[in-house]
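Based on the hints, put chain B in the right spot on chain A.
Number of protein chains: 2
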Amino acid sequence: MKARVRVTLKTGVLDPQGKAIGHALEGMGFAGLGEIRQGKLIEIDLAERDPAKARAQVEEMCRKLLANPVMERYAIDIEG
Amino acid sequence: MKARVRVTLKTGVLDPQGKAIGHALEGMGFAGLGEIRQGKLIEIDLAERDPAKARAQVEEMCRKLLANPVMERYAIDIEG
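These protein sequence lines are chains A and B, in that order. To convert, note that position 7 of the first sequence is 6 in numbering that gives the first Met the number 0; the numbers rise steadily by one, no gaps. To convert, note that position 51 of the second sequence is 50 in numbering that gives the first Met the number 0; the numbers rise steadily by one, no gaps.
Looking at chain A on its own, in the form it has when it is part of the complex (with noise of 0.2 Å):
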C-alpha cells in the first residue's frame, strides 16, 4: 500500500518559506490570501497490506526519522 505523511510546522513556529510565498503570490495579484505554511510530503510505497499495520509502521517512521517533534507535527493518509 502507499502512505502519504505531512510534514508541517507546527501552529506558532515561525514560516520563512510560507511568509515568502505569500509575499510573492500577493505582489503577482492574488488577493484575500490568510496565511500560507510550507511543509514536506513524503510518498511510501509498502509492502505491507495491512492497513492497520501499516499505519503504525509509518507512525515510527514519522516518530524515529521524518518529522522533527520538537518543532513539526505529522499525519499520515493510507491509501489501498
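Same chains, same label: a pair holds when it works inside one copy or across any pair of copies.
Computed list of lysine-lysine pairs in DSBU-like fashion (alpha-carbon distance at most 30 Å, straight line):
hint : residue 1 : residue 2
1    : Lys18     : Lys52
2    : Lys39     : Lys18
3    : Lys9      : Lys39
4    : Lys52     : Lys63
No wet-lab data here; the hints were simulated from the structure.
What follows is chain B alone, placed relative to chain A:
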C-alpha cells in the same frame, strides 16, 4: 476556506531526497519499502468562500508560482 497543494516530482524525475530517506529507513531496520518520494506541501488560507472559485484561484497560483511544470505536478485539495 483552506487549500492544500501537494507538489511532487513527475514520475521519472530523479528524487535524491526521497532516495536518502529510503536508505536511512532501511539502515534503521525498516523492511518492505518500495519507492519513496519527497514533495512539497503548501497550505493556503483563502478569503474566497466558493469552492470552485477557490480551486480556480489556487490552480492559477500553481501554474504561475508554486509548481515547476517541467519537473513537477500538483494536486489541490479544498477544505471547508
